[in-house]
Amino acid sequence: MKRSLCCMCALMSSFIWSAAQALECPAFIAETSVKLVDTPAGWTAFSSSPLYLHGAAPMSGPPEKLGVLADYHETKRNQEISYTYQLDGHFTEGKWLACTYGEGDQVTLSKRLDNTVRVCIFRYRKGKHAGQNDVAISCK
1 MKRSLCCMCA
11 LMSSFIWSAA
21 QALECPAFIA
31 ETSVKLVDTP
41 AGWTAFSSSP
51 LYLHGAAPMS
61 GPPEKLGVLA
71 DYHETKRNQE
81 ISYTYQLDGH
91 FTEGKWLACT
101 YGEGDQVTLS
111 KRLDNTVRVC
121 IFRYRKGKHA
131 GQNDVAISCK
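Take the working numbering: the final residue in the sequence shown is number 140, and no numbers are missing along the way.
Careful: at least some of the hints might be erroneous.
[To be verified] Cross-link-like lysine-lysine pairs, in silico, PhoX-like; alpha carbons within 20 Å at most:
{"id": "1", "residue 1": "Lys111", "residue 2": "Lys65"}
{"id": "2", "residue 1": "Lys111", "residue 2": "Lys140"}
{"id": "3", "residue 1": "Lys76", "residue 2": "Lys126"}
Just so you know, the hints here were simulated from the structure itself, not pulled from any lab data.
Turn these sequences into a full structure, and let the hints steer you where they fit.
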């Protein structure tokens with residue numbers, strides 16, 4: 001009886017997380033997408049490499065509102081750091097996913113999340129390029 005109960009709990013747990021919304025930030029922004037305007041007279045702009053994904057996090061409202069959430073639980077294991085955000089509060093301007101690029105998070109791509117999302121987990125591993133992180137995202 002105990003064994004079948006444990007198996008049933010494990011199956012239910014995997015079913016719940018299988019219903020999770022898997023999100024993925026683009027791994028990079030191509031150098032051809034980076035355009036500089038209003039550069040000083042006499043100067044020519046050139047971008048030689050892509051901007052790699054550096055970070056990801058949920059936000060309260062669109063990115064221009066700078067509503068980055070600071071309440072999370074951090075877990076470190078082996079070469080991975082996980083951040084868990086509880087998103088069950090009221091978000092007047094919606095819940096958003098922010099993907100940041102460049103070593104100093106100079107560029108942000110963002111996407112609105114479904115209002116039913118209650119928790120998101122972000123799993124970070126170092127990428128192969130300088131300043132790059134591989135980020136696995138799971139929200140439910």
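Taking the hints in turn, this is what the structure says about them:
In summary, the hint linking Lys111 to Lys65 is supported, as the alpha carbons are separated by about 14 Å, within the 20 Å threshold. Distance restraint check for Lys111 and Lys140: the Cα-Cα separation of roughly 16 Å lies within the 20 Å cut-off, and the hinted pair is therefore satisfied. The suggested pairing of Lys76 with Lys126 holds, with an alpha-carbon distance near 13 Å, which does not exceed 20 Å.
Consistency with the previously given hints is maintained throughout, with no hint failing.
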